[in-house]
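Undergrad: Please construct the entire structure, taking both the sequences and the accompanying hints into account.
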Amino acid sequence: MKLEIKEKIIEKIFLLIALSSILILGLITFFIFEEGFPLILKLGPKAFLFGEKWIPSKDLFGIFPMIVGSFWVTLGALFLGIPLGLACTIFLSELIPPSLGTLLRPAIQLLAAIPSVIYGFWGLIVLVPLIRIYLGGPGLSILTGSLVLSFMILPTIITISEDSLKALPPSYKAGALALGATHWQTIWRVLIPAARSGIVASIILGMGRAIGETMAMIMILGNAVQMPNSILDSARTLTTNIGIEMGYASGDHRQALFATGIVLFFIIMALNILAIFLSRRRVD
Amino acid sequence: MKNGYIKAYFKWIFPILLLLMVSVGCQRSKAGITVAGSTSVEPFAELLAEEYMSHHQGSHIYVQGGGSTAGIEAVRSHAANIGMSSRSLMGTEKSLYAVTIAKDAIAIIVHAKNPVEGLSLVKVRDVFSGKIINWKELGGHDHPIILVTREEGSGTREAFQKLVMGEEEISLEALVQDSNGAIRQVVAGDPSAVGYISLGLINEKVKALRISGVEPSVKNIESRRYHLVRPFLFVFNGEPTGEAKSFLDFVMSPEAQRLLSKEGLVSILSKPSGG
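These protein sequence lines are chains A and B, in that order.
The opening residue of the first sequence carries number 1 in our numbering; numbering runs sequentially from there.
The opening residue of the second sequence carries number 1 in our numbering; numbering runs sequentially from there.
No lab work stands behind these hints: they were computed from the structure.
Note that this is a predicted model, so its numbers are computed, not measured.
Every residue gets a Cβ at the ideal spot worked out from N, C-alpha and C, and that includes glycine.
Be a bit skeptical, because a hint or two may be false.
Stated by the list, open to error - Here are the computed distance ranges between Cβ atoms for each label pair: (1) A:L111 <-> B:G4: 32 to 38 Å; (2) B:T100 <-> A:F266: 41 to 47 Å; (3) A:F30 <-> B:K94: 29 to 35 Å.
Claimed, not checked - Simulated pairs of lysine to aspartate or glutamate, EDC-like, Cα-Cα distance not exceeding 20 Å: (4) B:K136 <-> B:E117; (5) A:K58 <-> B:E158; (6) B:K162 <-> A:D59; (7) A:K58 <-> B:E167; (8) A:K53 <-> B:E167; (9) B:K103 <-> B:E158; (10) B:K103 <-> B:E255.
TA: This is how it looks when you write it as structure tokens:
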């Protein structure tokens, strides 16, 4: 009897601790909206989302260049990161000699453990001068940002899509091979399509990481508030807009940065819901 | 067996961590004052704090960056004892108590190998507003000019806007960096870049341009011939008292002011010497 009560109490304490993490999420959401939403209402959502001029000292708060910047940088990162990630995944799960796997897997996971400021620093010192000298422009550009981001999203894409390949029933592979398919045909025609939902989810999560990355992008993108015309132009993303101006902002300017956060919030939410939805739809 | 670890955690490790946290918290709050704000003033404040602490055993001065506005906000909410600002106070901020501790010049910097040595103030304005886009027009190599500016709200940018740009806007194509150091880094790495930073932070990798023939040197600033100058402020919530006052007194002393002018700032004690 006494033991039962004790257990109940412990259960409740654990519930409380678990709920506190949701509470923190709720608080963050509440404060972002409380700080940023009045400004969106004041300017009108259209002027805020599609305005092309961001000049806070003149009360112009249009974040369209940043939305476009985020879009191009993320697209570039996926363009470079997806083929690389998928090739890596296929190699790791199907083709690798076992002895190499013990070395390669931790190495890829280590890629995720490197702080983003290190990626940024490396990009700034190594890639920026190369791109400036050989391709032109300031070097601090969408191309440089995409390159660095594509490395940063590799661990996300590789680990999740490898897991989804591993989760396939062994009969798929055995069946395909028994029917006379070559190893490569089995991978390309059977295993990849069967693991499709997991692979797509991994790409979407990688996309979320790319959109959310701030520190490295502040260092590499150049942060100009312009509509980029080429991949060698400097750009500013939604996250770097907040990161770079937070320190000195006050009044409406500060609220506009929170409002930028609201837009980011919706984008990330949508991506995560999409990823959850897609990875739940398992193969039938 | 696993349960044993959890038990050990709650019995030993958790209390020890808690104790550590509390004791660290106590240590921080024991003594000392916090100085927070402008990243332009920060390196000089750090230097002064070090000097001050070497004279006053047992005193602690914590210097933090964050930006002029953040520093002023911190003073207002009593999170910091002294705010550093590289711009004048605006609007409701004027109710705070501000002291000019030194003056700082803004230098227009280019890569050390750039053949251009000087520009008129009007040319600088035309470059930053995007009217002049190639170094060829300024006597340099045939290469597009890469502009580098500070972010909106920065004290340095505000001063640059007021002193150089006037009513003109800084081109939206300009690269934006969020500190003096980052601008210096970009300009040092790109032979066609031009930016502006505190005079005191110039190093051998970048070159300060003469403005309308006047070199940005301490002598020229003191004689009022170099005009791109702005105040560095210490901001207090009411008249300073105690440790904060004693630190301010030290900063205003001839000894500390000499230290600041050695670092490239203009002492408030210096008188304009004729010419």
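Undergrad: The structure should be examined with respect to each hint, and the outcome stated for every one.
TA: Here's how the hints hold up against the structure:
1. A:L111 <-> B:G4: 32 to 38 Å: With Cβ atoms ~35 Å apart, the hint holds.
2. B:T100 <-> A:F266: 41 to 47 Å: For B:T100 and A:F266 the Cβ distance comes to about 45 Å; the hint holds.
3. A:F30 <-> B:K94: 29 to 35 Å: 33 Å, holds
4. B:K136 <-> B:E117: 13 Å, holds
5. A:K58 <-> B:E158: Holds: A:K58 and B:E158 sit about 12 Å apart, inside 20 Å.
6. B:K162 <-> A:D59: 17 Å, holds
7. A:K58 <-> B:E167: Answer holds: A:K58 to B:E167 is near 11 Å, not above 20 Å.
8. A:K53 <-> B:E167: 17 Å, holds
9. B:K103 <-> B:E158: 15 Å, holds
10. B:K103 <-> B:E255: 16 Å, holds
Comparing the model with each earlier hint shows no violations; every hint is respected.
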